[in-house]
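Engineer: Those sequence lines, one after another, are chains L and W. First residue of the first sequence: 1, per my numbering; consecutive thereafter. First residue of the second sequence: 1, per my numbering; consecutive thereafter.
Bear in mind the hints are in silico, worked out from the structure with no lab data behind them. Keep in mind that this is a model prediction, so the values were computed, not measured. One or more hints might be untrue.
All copies of an identical chain are treated as equivalent in the list; a pair is satisfied when it fits inside any one copy or across any two copies.
Said to hold, decoys possible - Listed next, the in silico BS3-like pairs over lysine-lysine satisfying Cα-Cα at most 30 Å (straight line): (1) K89 to K53; (2) K129 to K9; (3) K15 to K89; (4) K9 to K79.
Each chain, letter by letter, is given below.
2 protein chains.
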Amino acid sequence: MIYPELLQKLINFYKKLPGIGDKSAERMALATIEFAEKDVKEYAEVLVNAKEKLHKCKICGHLCEDEICNICANPARDKNLICVIEDYKSVFSFEKVGNYKGVYHVLNGLISPMDSIGPEDINIASLVKRVSELDHPELILALKSSIEGETTTLYIKKIFEKQDVTISRLSYGIPMGAEIDYLDIITLDKALEDRKKISE
Amino acid sequence: MIYPELLQKLINFYKKLPGIGDKSAERMALATIEFAEKDVKEYAEVLVNAKEKLHKCKICGHLCEDEICNICANPARDKNLICVIEDYKSVFSFEKVGNYKGVYHVLNGLISPMDSIGPEDINIASLVKRVSELDHPELILALKSSIEGETTTLYIKKIFEKQDVTISRLSYGIPMGAEIDYLDIITLDKALEDRKKISE
Numbered sequence: 001m002i003y004p005e006l007l008q009k010l011i012n013f014y015k016k017l018p019g020i021g022d023k024s025a026e027r028m029a030l031a032t033i034e035f036a037e038k039d040v041k042e043y044a045e046v047l048v049n050a051k052e053k054l055h056k057c058k059i060c061g062h063l064c065e066d067e068i069c070n071i072c073a074n075p076a077r078d079k080n081l082i083c084v085i086e087d088y089k090s091v092f093s094f095e096k097v098g099n100y101k102g103v104y105h106v107l108n109g110l111i112s113p114m115d116s117i118g119p120e121d122i123n124i125a126s127l128v129k130r131v132s133e134l135d136h137p138e139l140i141l142a143l144k145s146s147i148e149g150e151t152t153t154l155y156i157k158k159i160f161e162k163q164d165v166t167i168s169r170l171s172y173g174i175p176m177g178a179e180i181d182y183l184d185i186i187t188l189d190k191a192l193e194d195r196k197k198i199s200e
Numbered sequence: 001m002i003y004p005e006l007l008q009k010l011i012n013f014y015k016k017l018p019g020i021g022d023k024s025a026e027r028m029a030l031a032t033i034e035f036a037e038k039d040v041k042e043y044a045e046v047l048v049n050a051k052e053k054l055h056k057c058k059i060c061g062h063l064c065e066d067e068i069c070n071i072c073a074n075p076a077r078d079k080n081l082i083c084v085i086e087d088y089k090s091v092f093s094f095e096k097v098g099n100y101k102g103v104y105h106v107l108n109g110l111i112s113p114m115d116s117i118g119p120e121d122i123n124i125a126s127l128v129k130r131v132s133e134l135d136h137p138e139l140i141l142a143l144k145s146s147i148e149g150e151t152t153t154l155y156i157k158k159i160f161e162k163q164d165v166t167i168s169r170l171s172y173g174i175p176m177g178a179e180i181d182y183l184d185i186i187t188l189d190k191a192l193e194d195r196k197k198i199s200e
């Protein structure tokens with residue numbers, strides 16, 4: 001064995017993390033044992049605490065330490081505007097943008113008949129209940145443009161068809177700064193379809 | 001704050017690791033809380049244990065869990081052949097190659113007058129003592145080809161000048177598979193200087 005056993009164990013844990021290969025895991029493990037002892041102890045505590053104490057918000061399914069997440073608990077957020085997303089990673093993305101003033105609903109998956117994931121396997125029932133308690137809410141469906149994303153979007157659209165709910169989706173189009181010449185044809189096609197009038 | 005506090009703390013620890021930026025740290029933290037609870041507990045234990053229990057081998061300065069490292073304790077290793085290296089990371093590199101049958105001596109630094117690091121600040125005294133107990137040993141100086149590396153190599157060479165010690169250094173030369181046309185001139189110059197006769 002090349003590494004002392006404990007170092008090897010630490011390397012093995014680091015290698016389980018996404019994007020970390022042999023070389024990075026070794027570098028990370030060696031850096032870790034150079035940390036101050038109290039930092040390593042705190043690091044270990046944070047690991048255990050994060051795993052134990054982070055759970056899903058009772059309202060929206062986002063990750064939080066309390067019963068209800070900061071966003072749902074914030075009186076300044078518009079509860080009638082709900083952005084429906086696949087997982088809580090998207091919450092972080094939207095919050096980084098910082099312009100969205102509504103709340104979220106985390107589906108925790110997408111409908112995928114191929115993988116036997118039906119509407120009952122994702123967080124849709126709670127969305128229906130949530131919407132039923134609101135007065136003319138708007139749902140923004142921010143799901144990816146895959147077959148599963150489209151299927152889920154269509155399914156949700158259908159559920160609320162007869163109800164007093166506005167449903168929108170994110171616009172497709174040209175990413176900012178992209179060269180039109182290098183865009184894939186599907187994106188370009190969607191950008192044409194979703195074109196926005198700027199003068200009439 | 002975009003992240004729940006505990007997640008932010010975990011992200012902050014991951015960001016302290018070499019080569020880990022904001023995005024990777026976020027991915028790693030989110031992956032961590034998806035681990036099984038018992039795995040996270042073991043992960044935290046390994047962290048603390050690795051920091052507490054890994055220390056320097058009394059003989060060679062390599063990282064180990066016991067008083068003496070596996071390599072020094074291995075009777076099959078040639079104790080008269082000592083590869084002198086800057087830090088224990090090099091031990092892992094040589095051990096990965098797997099062909100070296102001698103032992104190591106970890107200097108834990110290089111002489112660097114610019115940074116006020118003198119011979120007494122690195123692990124040289126213990127090398128002198130070690131060598132004095134051996135019968136015509138060979139020292140392979142495997143230090144980097146920087147000013148500090150060269151200074152340290154020269155210093156060690158000088159110490160043992162009058163003693164019954166063979167001193168060698170790694171050969172400089174063309175890395176395997178490299179195109180000669182693209183090599184830097186210093187490497188090419190060294191490869192010329194270190195040329196090896198293959199027929200006489």
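Engineer: With reference to the structure, classify each hint as holding or not holding.
Structural biologist: Here is what the structure says about each hint:
Within a single copy, K89 and K53 get their C-alpha atoms as close as 18 Å, which meets the 30 Å cut-off; across copies the closest is 37 Å, which misses it. For the identical chains of this complex, K129 and K9 are neighbours neither inside a copy (46 Å) nor across copies (34 Å), given an alpha-carbon limit of 30 Å. Taking CA atoms no more than 30 Å apart as the test, K15 paired with K89 passes in both settings, with 21 Å inside one copy and 18 Å between copies. Only between protomers do K9 and K79 lie at most 30 Å apart by alpha-carbon distance; the minimum there is 29 Å, versus 46 Å within a single protomer.
Checked against the numbered hints above, the structure breaks only hint 2 and satisfies the rest.
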